[in-house]
Amino acid sequence: MSTFYFGSGPIIHVAPGDVMTLLGIPITNSILYGWISLILIAIVLIYVRHKAKLKPIGGLVQFIEIGVSFITDFVHSSFDDPNLGKKYSPYFVTLFFFILFNNWLGLLPIVGEGIVSNGYPLFRPFTGDLNATFGMALITMIVVYASSIKESGGFRNYIMHFFVGSPKNPLFLIIGFLEMLTDLTRVISLSLRLFLNVAIGEIVIAVFSYLGHFLAPVSALPFTLIELFIGALQAYIFTVLSSMYLAIAVNHAADHVGKQRSGHIKKGHKSLVGEN
Amino acid sequence: MTVADALNIVAKGLMIGGGFIGPGIGIGLIGGNYLQAVGRNPEASKFLGQALIFVAIVELFGLLAFASIFIV
Chain A
0 MSTFYFGSGP IIHVAPGDVM TLLGIPITNS ILYGWISLIL IAIVLIYVRH KAKLKPIGGL
60 VQFIEIGVSF ITDFVHSSFD DPNLGKKYSP YFVTLFFFIL FNNWLGLLPI VGEGIVSNGY
120 PLFRPFTGDL NATFGMALIT MIVVYASSIK ESGGFRNYIM HFFVGSPKNP LFLIIGFLEM
180 LTDLTRVISL SLRLFLNVAI GEIVIAVFSY LGHFLAPVSA LPFTLIELFI GALQAYIFTV
240 LSSMYLAIAV NHAADHVGKQ RSGHIKKGHK SLVGEN
Chain B
0 MTVADALNIV AKGLMIGGGF IGPGIGIGLI GGNYLQAVGR NPEASKFLGQ ALIFVAIVEL
60 FGLLAFASIF IV
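These protein sequences, in sequence, are chains A and B.
If you're matching positions, the first sequence starts at 0 in numbering that gives the first Met the number 0 and goes up one per residue.
If you're matching positions, the second sequence starts at 0 in numbering that gives the first Met the number 0 and goes up one per residue.
Worth flagging that the hints you see were computed from the coordinates, not collected in a lab.
Note that the Cβ used here is the ideal one computed from N, Cα and C, for glycine as well.
Possibly wrong hints are sitting among the right ones.
[Unchecked claim] With beta-carbon atoms standing in for the labels, derived distance ranges:
(1) B:G21 / A:R155: 36 to 44 angstroms
(2) B:R39 / A:E64: 31 to 39 angstroms
(3) B:T1 / A:L172: 53 to 61 angstroms
(4) A:I38 / B:T1: 47 to 55 angstroms
(5) A:I65 / B:L6: 46 to 54 angstroms
(6) B:A36 / A:I26: 43 to 51 angstroms
(7) B:I68 / A:N130: 19 to 27 angstroms
(8) B:L63 / A:E64: 32 to 40 angstroms
(9) B:L6 / A:V43: 47 to 55 angstroms
(10) B:F69 / A:I26: 19 to 27 angstroms
(11) B:I56 / A:A145: 22 to 30 angstroms
[To be verified] Output of the computed footprint for chain A on chain B, the stretches with three or more beta carbons under 8 angstroms from beta carbons of chain A:
(12) 39-53
(13) 57-66
[What the hints assert, rightly or not] Derived list of chain A stretches under chain B, where covered just means 3 residues or more per stretch with a C-beta under 8 angstroms from a C-beta of chain B:
(14) 187-195
(15) 228-239
Produce the complete structure using the sequences and hints provided.
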């Protein structure tokens, strides 16, 4: 990092660093904080699950309930078949809360350059590490591929849906291979989006707390608040995009099997005519 | 400061400037068209979440440009 005005500039790490070794295996700061936040998230969510009642109570429980119903409603509405929405929504709700709390716990003052061990910060937000987000995106896309192969009824049917009907038409063949290539880039784009948003948020906060000098809490506060918003937005976007990838593949497969789609259009058309 | 250092700084500036023009225009178009749609039909305001998804898709390219200054 180049100098700003004088001094050495803020200390910035884009990659995680080894802070300790456990049984000869180096442990990076992001995975250390990932374990801590995983335990915290599990404790909080299990507590909320025991506390939740039919009659609403305020506070944390209500907040979690709003998030659960928000994601569940979205996943339900993106599938044509309501049974599939019920089947797959738990995974996406888990994903949403895991990313949301990891992003928010990464904004605590103890995380970052404050506490240094072995030349690296002791804690680093778990989602601010490309390995972590790449792992999450890979698992999500494996779930998406496996369930879309299962729902479309066999590997052959799943492959056929890339080629709009027949792979014998040369145009559809080229389009199909391009579609497959686009599918493979989803892992990279999902992981890079989450990682870059969190890591760059950390860098922006570090730069502005350096520029503020002894007024660091004041100058870094607006950017921390923006990061709160961006953390929630990125959790939502990761969840929604992965559920849409699944819904597109599964709904498309249902189109080939039955012909419910034309029935839907006809019904909608009739009601439109009736209103007029 | 040698010529190489100066060129390095100029390259970083160009990278950030050039890399953020595109996403800036893109996010402006998304936001403007969303507001136009809401002005025409106020019931369209429920699609804010979907507009934000496209904002995130566009934003990725700006962030890629920002991240590349660390490897120059």
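Distance restraint evaluation - B:G21, A:R155, Cβ atoms, bounds 36 to 44 angstroms | holds, 40 angstroms
Do the Cβ positions of B:L63 and A:E64 conform to the proposed distance bound of 32 to 40 angstroms?
-> holds, 37 angstroms
Quick one: are A:I38 and B:T1 within 47 to 55 angstroms, going by C-beta?
-> Holds, at about 50 angstroms.
Assessment of proposed distance window 47 to 55 angstroms (beta carbons of B:L6, A:V43) = Since the Cβ atoms of B:L6 and A:V43 sit about 51 angstroms apart, the hinted range of 47 to 55 angstroms holds.
Hint says 53 to 61 angstroms; check whether the CB-CB distance for B:T1 and A:L172 agrees.
-> Holds, at about 54 angstroms.
Could you check the hint for me, namely that A:I65 and B:L6 are 46 to 54 angstroms apart, CB to CB?
-> Holds: the Cβ-Cβ distance is about 52 angstroms, inside 46 to 54 angstroms.
Range hint 31 to 39 angstroms: satisfied by the CB atoms of B:R39 and A:E64?
-> Hint holds: Cβ distance 35 angstroms, inside 31 to 39 angstroms.
Pairwise beta carbon distance, B:F69 to A:I26, judged against the given window 19 to 27 angstroms = Holds, since B:F69 and A:I26 (Cβ atoms, about 24 angstroms apart) stay within the stated range.
So does B:I68 sit 19 to 27 angstroms from A:N130, Cβ to Cβ?
-> Holds: the Cβ-Cβ distance is about 21 angstroms, inside 19 to 27 angstroms.
With a Cβ-Cβ cutoff of 8 angstroms, does the segment 228-239 of chain A contain at least three residues near chain B?
-> Result for this restraint: holds, n = 5.
Taking a Cβ-Cβ distance under 8 angstroms as contact, does the segment 57-66 of chain B have three or more residues in contact with chain A?
-> holds (count 6)
Assessment of proposed distance window 43 to 51 angstroms (beta carbons of B:A36, A:I26) = Since B:A36 and A:I26 have Cβ atoms about 50 angstroms apart, the given range 43 to 51 angstroms holds.
Going down the numbered hints, you'll see the structure goes against none, and every one checks out.
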